[in-house]
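Peer 1: Taken in order, the sequence shown gives residues 1 to 385; the numbers are from the working numbering.
Incorrect hints may have been included.
[Said to hold, decoys possible] Cβ pair distances, simulated, as ranges:
1. 32 / 10: 37 to 47 Å
2. 249 / 126: 28 to 38 Å
3. 87 / 165: 45 to 55 Å
4. 50 / 126: 21 to 31 Å
5. 64 / 281: 20 to 30 Å
6. 359 / 194: 54 to 64 Å
FYI, nobody ran anything at the bench for these hints, they're computed from the structure.
Beta carbons are placed, not taken as given, at the ideal position from N, Cα and C, and that holds for glycine.
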Amino acid sequence: MPAGEALAEAALAEQTASIALVDHHVHGAFTGDVSRAEFEESINEGSPDPVPDWMSQFDSQLGFAIRRWCAPLLGLPAHAPAADYWARRTELGTQEVTARLLSAAGVSDWLLDTGYGPGQILSPAGMSAASGTAAHTIVRLESIAEQIAAEGGPGRDYPEQFRSRLAAATADAVGVKSILAYRTGLGIDLSQPDEARVRDAASRWIGPGGPGRPRLTDPLLLSFGLHAATEVGLPIQFHTGYGDRDLNLDQANPLLLLDFLRDPRTARVPVLLLHCYPFQREAGYLAQAFNNVYFDVGLGVNYVGAAAPTLVAESLELAPFAKQLYSSDAWGPPELHYLGAVLWRRAITTVTGRWVDAGDWSAADARRVITMVARDNALRVYQLG
1 MPAGEALAEA ALAEQTASIA LVDHHVHGAF TGDVSRAEFE ESINEGSPDP
51 VPDWMSQFDS QLGFAIRRWC APLLGLPAHA PAADYWARRT ELGTQEVTAR
101 LLSAAGVSDW LLDTGYGPGQ ILSPAGMSAA SGTAAHTIVR LESIAEQIAA
151 EGGPGRDYPE QFRSRLAAAT ADAVGVKSIL AYRTGLGIDL SQPDEARVRD
201 AASRWIGPGG PGRPRLTDPL LLSFGLHAAT EVGLPIQFHT GYGDRDLNLD
251 QANPLLLLDF LRDPRTARVP VLLLHCYPFQ REAGYLAQAF NNVYFDVGLG
301 VNYVGAAAPT LVAESLELAP FAKQLYSSDA WGPPELHYLG AVLWRRAITT
351 VTGRWVDAGD WSAADARRVI TMVARDNALR VYQLG
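Work out the full structure: start from the sequences and follow the hints.
Peer 2: Right, dumping it as structure tokens:
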């Protein structure tokens, strides 16, 4: 790059670093200490298995990003060896590491999905205390259904119970979320089901009750939950794209939601497509095609690490800039909460800075778009503040 050509990127980086992000889809950081093996498992999104002893998850784009960007916050040089990083992390302790990394992320508002691993991670109140900033609740729809089923009882009351519990759970929430992609895939019939059929399906699923928590995989009940959520009127988040091997990736393509998005009832609420990678271009099309559809490239940004500018550039190709949001989708290690912010800030300033230097964008437009995606779009969609 010729001398002076990166001036716009440098100026944008300074401005972007000062923006307080709204992390519109995230989970809590770990509540307690974890072993190095547990830590490495938690920075591998695809596999739930222990990491084989002949490899390390530190030898990945994400692992290298941790050593580059998190190590200095723990008092180590950038790129410190993994063994040194882990020794220093252990010496400082979970509470101190979490406080340093969360506060350094520069996030003003965390929108937390509390439906996965609640005993292992901080609650919204805990995240707020650890970071010194605000935290809000996102309610997972499948968790409400599974609470009802775990308690047993007559399935014929299921529609009323679900609506009642959803109303109570969302009284102080800012949105809801579905993990339909993990349960059946997105390509099921999502038309509004007949309630008599819902009662029959619930009766078969719930049965007499018993130990454990049944897993909701019935397409009819999943569809019912989504339509009940549209009646509440809060934004609805959908997991799409990349995740662990519990889902079939081809069935997590957001294009499979087209019929649901075409339903006039769905148009009543914002629909947020989460993660999207490797379907960021498909998500961009949907965001252009439907006024109520928004998306992010969270999770993917962390895992592609130094390649994040390519992912962010592709997310900016087709979709209106008012339809994109920032997300980390961090869960567990606070390194992920911090890196989501660092890598996204670097990626978007790199991409837009190049366009400004090439004369394709003005610097004023770049600053405005970065602020929109970083926080303004989320403030509007979730009606925060």
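Peer 1: Against each hint, give a clear statement of whether it holds in the structure.
Peer 2: Cross-check of the supplied hints:
1. 32 / 10: 37 to 47 Å: Because 41 Å falls inside the window, the suggested range holds.
2. 249 / 126: 28 to 38 Å: 32 Å, holds
3. 87 / 165: 45 to 55 Å: 46 Å, holds
4. 50 / 126: 21 to 31 Å: 27 Å, holds
5. 64 / 281: 20 to 30 Å: 26 Å, holds
6. 359 / 194: 54 to 64 Å: 58 Å, holds
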